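Those protein sequence lines, which keep their order, are chains B and C. In this text, residue positions in the first sequence follow this note's numbering: the first is 1, and each later residue adds one. In this text, residue positions in the second sequence follow this note's numbering: the first is 1001, and each later residue adds one.
Keep in mind that the hints were calculated from the coordinates and are not lab data. If you're wondering where the values come from, they're calculated on a predicted model, not measured in any experiment. The beta carbon of each residue, even a glycine, is placed where N, CA and C say it ideally should be. It cannot be assumed that every hint is accurate.
Between beta-carbon pairs, the in silico distance windows are [as the list claims (entries may be wrong)]: (1) Asn-1220/C <-> Val-66/B: 49 to 59 Å; (2) Trp-1334/C <-> Asp-230/B: 46 to 56 Å; (3) Glu-1166/C <-> Ile-367/B: 32 to 42 Å; (4) Gly-212/B <-> Ser-1150/C: 22 to 32 Å.
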Amino acid sequence: MKKFSKAVSALMASVMAASMLAGCTDAASTETPDTQAQAQGTESSANGGATFKIGAIGPLTGAAAVYGNAVCNAAELAVEEINEAGGINGYQVEYSKEDDELNAEKSVNAYNTLKDWGMQILVGSTTSACSIAVSENTKADNMFQLTPSGSAEECVKYDNVFRVCFSDPNQGIASAQYIADHNLATKVGIIYDNSDVYSNGIYQKFKEEAAGKNFEIVSEEAFTADNATDFSVQLQKAKDAGADLVFLPIYYQAASLILTQANTMGYSPVFFGVDGMDGILSVENFDTKLAEGVMLLTPFAADAKDDLTVNFVKKYQEKYGEVPNQFAADAYDAVYIIKQALEAKSATPDMSTSDICEAVKAAMTEIEASGLTSAKMTWDASGEPNKEPKAVVIKEGAYVSAE
Amino acid sequence: MRIDKKTKDNLITYGIVVATFLIVQALASTGHLTNHIKGLLVPMTYYAIIAVALNLCVGILGELSIGHCGFMCIGAFTSAAFSKITAEKIPSGPRFLIAFVIGIAFAALFGFLIGIPVLRLKGDYLAIVTLAFGEIIKNVINAFYIGIDSKGMHFSMENQMALGLEPDGLMVVNGAMGITGTPHDASFTIGIVMLLVSLVVVLNLINSRDGRAIMAIRDNYIAAEASGINVTRYKMLAFTISAAIAGAAGVLYSHNITTLTASSQYFGYNASIMILVYVVLGGIGNIRGSVVAACILYLLPELLRGLNKYRMLIYSIVLIVMMIVNWSPKVIEWRKKTFANFGIKKKV
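Using the sequences plus the hints, can you model the full thing?
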């Protein structure tokens, strides 16, 4: 037995060494079949095969796969459209995506994998914590990073990182202002997820901003991801405190349960959500009548009637068989924003990653983009977008502009 | 020079680690390592370290702990908080050294405190209580808000606003958002040094008088107690050392990734069980096996990235196959027979 285990451990050690070596030689050729196919497809382009390489990172597997897939699919769609229309500055675009499983450590690994592939610009990461971790590396490499949906404040603390979505604090502030300006309520209850970065961020700023406004926060109740099934206690407290509006800075799955349970206990205040609430109408087994009158601040509504949205939703549905959410819209915009910035500086793929970063960085503060999530977006050097939040209200099972 | 079998065995273990380090360094300096592999090196070392720590608890002490990531969490948070506060005051070398001392000390302290009630239990009961403590640690840290400004330290368990921080104050631990912006101090060299240190500690402990006492408790509790071994003392000793080494892994972790959140995917029981998988596959009580298994099992899903979604499936299949090949009595018998023919030459 001893002999044997020794032999095994020697074998394992050699396997380990071999696997590391294999890793070294392999990684250059581990491009997925579709990127190779793309590479072949683009070789016939007018510019002798030089291409822009854009990478995307998101949780493609696991609990948050909905968001990662939305981002990666929409970015892919945008890249395909751009290639069909002749590329950026006449150069085709190659695209690759990597999975981070909603894990900051894996996100950095995904980033390194994409770097080996030759990525020049990063669209990602999808989620805040991952995006912050990756930004440390993009900063060191001076690679341009545009996160579609990393909404925590720290995501854009470096000058090479910009974002498309609103930051958490901005959403909190905008919500408080909207409620005050439109006299929606006098007493406000809040139910938030204190194990979630996104929810906490919005809640904290909402509370700060609410001080001195024409409404009063009468109940603040928290839940955590581990007990996000029963909200009767939180709702009862809000009801007892007489809240006529309940602010829900949370994602739609929990919100759908809150609406159902509020209905069961006969409590019907105005429910006010933020962009995480988008998607509530597509929750399985959820009676959409309960969402009647729910208001939310969101940059994107899939059933808006403008040409851009209609076209995007149609193409996305054809290709991926589902209605795109706001994460998809943010990512789609992100790719077009990069295109606009590259075109503004006439950047070419043969420039170094760092030069492209400097060019795009400079362009970002000058361009005025228009896309799915806003008709007019501008950026300052801090990386925060300036765009108007849109408030929508749910009427007869559809999002309608609240104005 | 005559060296006994155990010393030789230990030297082989150190040799493998050092040889791996030298090979990797040689490959890196000649530019043969991709960015992807370079990024995996530090995580590999800290997972190997925590696998060694858990093997001390599971294999040598014989008590199943499924909350070991909780100690890693404590080491990570205390050291990251220290590094963040002193980021501009102390140069990175000594700062990281002190961070190690702090992280290890706190993890050991909590290992000791938790050990007092936990080690009165045995077997399944102990496993479940360690699981609970791992979760408690994670959830309590999630509720902490700590800030620092000119007036000193502010602490709250409510929210960020309750701290009443001055505008130029530094938010250290921000509840569920954890700690962001920890300086990036960890490197592969430091990771390997820590791995060697933890191997020296654990292997020497095993071969010492204390180690034999600990293993006697594992093999027969009643006999050990009857022959005058202070059972509680030795159990506490092993558990505390194990927690301290897990804390060291946490320090490396938090100084490698700049965002640190006490959420389930990093420090929950799933993560603890993943470490347990490393230990079981590497061989319970086989320290060298833990190191090798941790490295292989951490590398595997990463190297299979090219297969996209199938990699999770392949990873699970590899787990099952490795388990059968390593531990099924029938396979062991078959392999013995096969290797017996040319076994003498094959044996190292």
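Evaluated hints:
1. The beta-carbon spacing between Asn-1220/C and Val-66/B, approximately 53 Å, falls within the hinted interval of 49 to 59 Å.
2. Against the hinted window of 46 to 56 Å, the Cβ-Cβ separation of Trp-1334/C and Asp-230/B comes to about 54 Å, which satisfies the hint.
3. Between Glu-1166/C and Ile-367/B the C-beta distance comes to about 37 Å, which sits within the given range of 32 to 42 Å.
4. At roughly 26 Å, the beta carbons of Gly-212/B and Ser-1150/C sit within the given window of 22 to 32 Å.
Violated hints for the displayed structure: none, as all numbered hints are satisfied.
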